[in-house]
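The task is simple: from the sequences and hints, build the whole structure.
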Amino acid sequence: MTDRNQSEIRSNAIITAIGSYVPERILTNADLEKLVDTSDEWIVQRTGIQERHIASDHQFTSHLCFAAVQDMMERYNKDVTDIDYIIVATSTPDAVFPSVASQVQSHFGIENCGSVDLQAACAGFTAAIQLANGLLVSGAYRKVLVIGAETLSKVTDYSDRTTCILFGDGAGAFLMEASGSGSGNVLHMYSKTDGARGHQLYRSSLASAIGDHVIQPNGLIVQNGREVYRWAVSHVAEGVKQLMTRSSLSAADIDWFIPHSANMRIIEALCERTGFSLDQTLSSIKLFGNTSAASIPLAIDGAVKAGTIKQDQLMLLYGFGGGLTQAGIIIRWSL
Numbered sequence: 135m136t137d138r139n140q141s142e143i144r145s146n147a148i149i150t151a152i153g154s155y156v157p158e159r160i161l162t163n164a165d166l167e168k169l170v171d172t173s174d175e176w177i178v179q180r181t182g183i184q185e186r187h188i189a190s191d192h193q194f195t196s197h198l199c200f201a202a203v204q205d206m207m208e209r210y211n212k213d214v215t216d217i218d219y220i221i222v223a224t225s226t227p228d229a230v231f232p233s234v235a236s237q238v239q240s241h242f243g244i245e246n247c248g249s250v251d252l253q254a255a256c257a258g259f260t261a262a263i264q265l266a267n268g269l270l271v272s273g274a275y276r277k278v279l280v281i282g283a284e285t286l287s288k289v290t291d292y293s294d295r296t297t298c299i300l301f302g303d304g305a306g307a308f309l310m311e312a313s314g315s316g317s318g319n320v321l322h323m324y325s326k327t328d329g330a331r332g333h334q335l336y337r338s339s340l341a342s343a344i345g346d347h348v349i350q351p352n353g354l355i356v357q358n359g360r361e362v363y364r365w366a367v368s369h370v371a372e373g374v375k376q377l378m379t380r381s382s383l384s385a386a387d388i389d390w391f392i393p394h395s396a397n398m399r400i401i402e403a404l405c406e407r408t409g410f411s412l413d414q415t416l417s418s419i420k421l422f423g424n425t426s427a428a429s430i431p432l433a434i435d436g437a438v439k440a441g442t443i444k445q446d447q448l449m450l451l452y453g454f455g456g457g458l459t460q461a462g463i464i465i466r467w468s469l
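The sequence shown begins at 135 in the working numbering and counts up by one.
Simulated from the structure, these hints should not be mistaken for laboratory data.
Ideal placement from N, C-alpha and C gives every residue a C-beta, glycine not left out.
A few of these clues could be false.
[Stated by the list, open to error] The following label-pair restraints were derived from C-beta to C-beta distances:
{"no.": "1", "residue 1": "Val-230", "residue 2": "Ala-330", "range": "22 to 28 Å"}
{"no.": "2", "residue 1": "Asp-413", "residue 2": "Gly-345", "range": "38 to 44 Å"}
{"no.": "3", "residue 1": "Gly-248", "residue 2": "Asp-191", "range": "27 to 33 Å"}
{"no.": "4", "residue 1": "Ser-173", "residue 2": "Leu-412", "range": "23 to 29 Å"}
{"no.": "5", "residue 1": "Asp-171", "residue 2": "Gly-316", "range": "56 to 62 Å"}
{"no.": "6", "residue 1": "Asn-246", "residue 2": "Ala-386", "range": "44 to 50 Å"}
{"no.": "7", "residue 1": "Ala-386", "residue 2": "Glu-208", "range": "25 to 31 Å"}
{"no.": "8", "residue 1": "Lys-420", "residue 2": "Ser-315", "range": "36 to 42 Å"}
{"no.": "9", "residue 1": "Asp-446", "residue 2": "His-347", "range": "43 to 49 Å"}
{"no.": "10", "residue 1": "Gly-316", "residue 2": "Ser-382", "range": "53 to 59 Å"}
{"no.": "11", "residue 1": "Gly-314", "residue 2": "Thr-162", "range": "43 to 49 Å"}
{"no.": "12", "residue 1": "Lys-420", "residue 2": "Glu-361", "range": "23 to 29 Å"}
[What the hints assert, rightly or not] EDC-like, lysine to aspartate or glutamate: derived pairs with alpha carbons at most 16 Å apart:
{"no.": "13", "residue 1": "Lys-420", "residue 2": "Glu-402"}
{"no.": "14", "residue 1": "Lys-439", "residue 2": "Asp-205"}
{"no.": "15", "residue 1": "Lys-420", "residue 2": "Glu-208"}
{"no.": "16", "residue 1": "Lys-420", "residue 2": "Glu-185"}
{"no.": "17", "residue 1": "Lys-168", "residue 2": "Glu-245"}
{"no.": "18", "residue 1": "Lys-439", "residue 2": "Glu-208"}
{"no.": "19", "residue 1": "Lys-375", "residue 2": "Asp-387"}
{"no.": "20", "residue 1": "Lys-420", "residue 2": "Glu-175"}
{"no.": "21", "residue 1": "Lys-168", "residue 2": "Glu-361"}
{"no.": "22", "residue 1": "Lys-375", "residue 2": "Glu-406"}
{"no.": "23", "residue 1": "Lys-288", "residue 2": "Asp-228"}
{"no.": "24", "residue 1": "Lys-444", "residue 2": "Asp-389"}
Take a look at the structure:
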């Protein structure tokens, strides 16, 4: 029987441009000391976060997307008016509908373009790349814009000392195009969902329960940090190993490991359990905090700007979070 979650895939998708944006306002650990009973030492020791960027009162996820795409266009001299499809991975849309993706379409005046928001929490960006690859492989589309963007500060409970120290705002964008050669950058993929644990990390809306579990219907992020940590270091670590096993690659074969920047302690535990060194691991946690769907593209773009990532290097991107969901891909960098 064929494994329905095979790692090796067909791909003609190449990443041709990247952009990112974070809001100007910075929320430091010292600032948080004035809001809740915490300290810079405590936050850094437990999370690795020193500061995070916060959207203004009149700045929403769509605005961060516009800025990230504009950054991409200017740096790579790219035209987006002929894009066929837009996927925005976010848990903090401006509104339930219209979608953020449709607002991106309108802002840039893109005609004959499909659009959708994807909600897979912190696995959103890698899941969006998986879907974009499928659209391109199908032959129906030639150019797909993938954005991971969040304004988590707007749904953070700043009276909860266990969660308010974590979250920040930002956006990152990839332009993915069909390769004329028929081969692409996306080499392998893996995904898994554990919905029975969904009540451990959620942002409520209409319902007051998830399955049999009563939740707080206040629209803010609620997280059982201890249980999410346990799930991540066991189940997510196993997912990373599954992706490598199915691709016949080891940690030594991968140039860069880029997990979701949830928490530095989680990243360290994942490295220890999967064989990656911290020297080959990229994150955006220190200066941006946990930006959910934006954390992986922010980490990548920071390394691109620094000249750290080189042509043809292998990169393992792995998102995980609310759902509880996980989605990983192995790509060969070509920019």
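Against the structure, the hints come out as follows:
no.: 1; hint: Val-230 - Ala-330: 22 to 28 Å; in the structure: holds, 25 Å
no.: 2; hint: Asp-413 - Gly-345: 38 to 44 Å; in the structure: holds, 41 Å
no.: 3; hint: Gly-248 - Asp-191: 27 to 33 Å; in the structure: holds, 32 Å
no.: 4; hint: Ser-173 - Leu-412: 23 to 29 Å; in the structure: holds, 24 Å
no.: 5; hint: Asp-171 - Gly-316: 56 to 62 Å; in the structure: holds, 58 Å
no.: 6; hint: Asn-246 - Ala-386: 44 to 50 Å; in the structure: holds, 45 Å
no.: 7; hint: Ala-386 - Glu-208: 25 to 31 Å; in the structure: violated, 37 Å
no.: 8; hint: Lys-420 - Ser-315: 36 to 42 Å; in the structure: holds, 38 Å
no.: 9; hint: Asp-446 - His-347: 43 to 49 Å; in the structure: holds, 46 Å
no.: 10; hint: Gly-316 - Ser-382: 53 to 59 Å; in the structure: violated, 22 Å
no.: 11; hint: Gly-314 - Thr-162: 43 to 49 Å; in the structure: holds, 47 Å
no.: 12; hint: Lys-420 - Glu-361: 23 to 29 Å; in the structure: holds, 25 Å
no.: 13; hint: Lys-420 - Glu-402; in the structure: holds, 13 Å
no.: 14; hint: Lys-439 - Asp-205; in the structure: holds, 12 Å
no.: 15; hint: Lys-420 - Glu-208; in the structure: violated, 27 Å
no.: 16; hint: Lys-420 - Glu-185; in the structure: holds, 7 Å
no.: 17; hint: Lys-168 - Glu-245; in the structure: violated, 48 Å
no.: 18; hint: Lys-439 - Glu-208; in the structure: holds, 14 Å
no.: 19; hint: Lys-375 - Asp-387; in the structure: holds, 13 Å
no.: 20; hint: Lys-420 - Glu-175; in the structure: holds, 13 Å
no.: 21; hint: Lys-168 - Glu-361; in the structure: violated, 28 Å
no.: 22; hint: Lys-375 - Glu-406; in the structure: holds, 12 Å
no.: 23; hint: Lys-288 - Asp-228; in the structure: holds, 10 Å
no.: 24; hint: Lys-444 - Asp-389; in the structure: holds, 9 Å
In summary, the numbered hints that this structure violates are 7, 10, 15, 17, 21.
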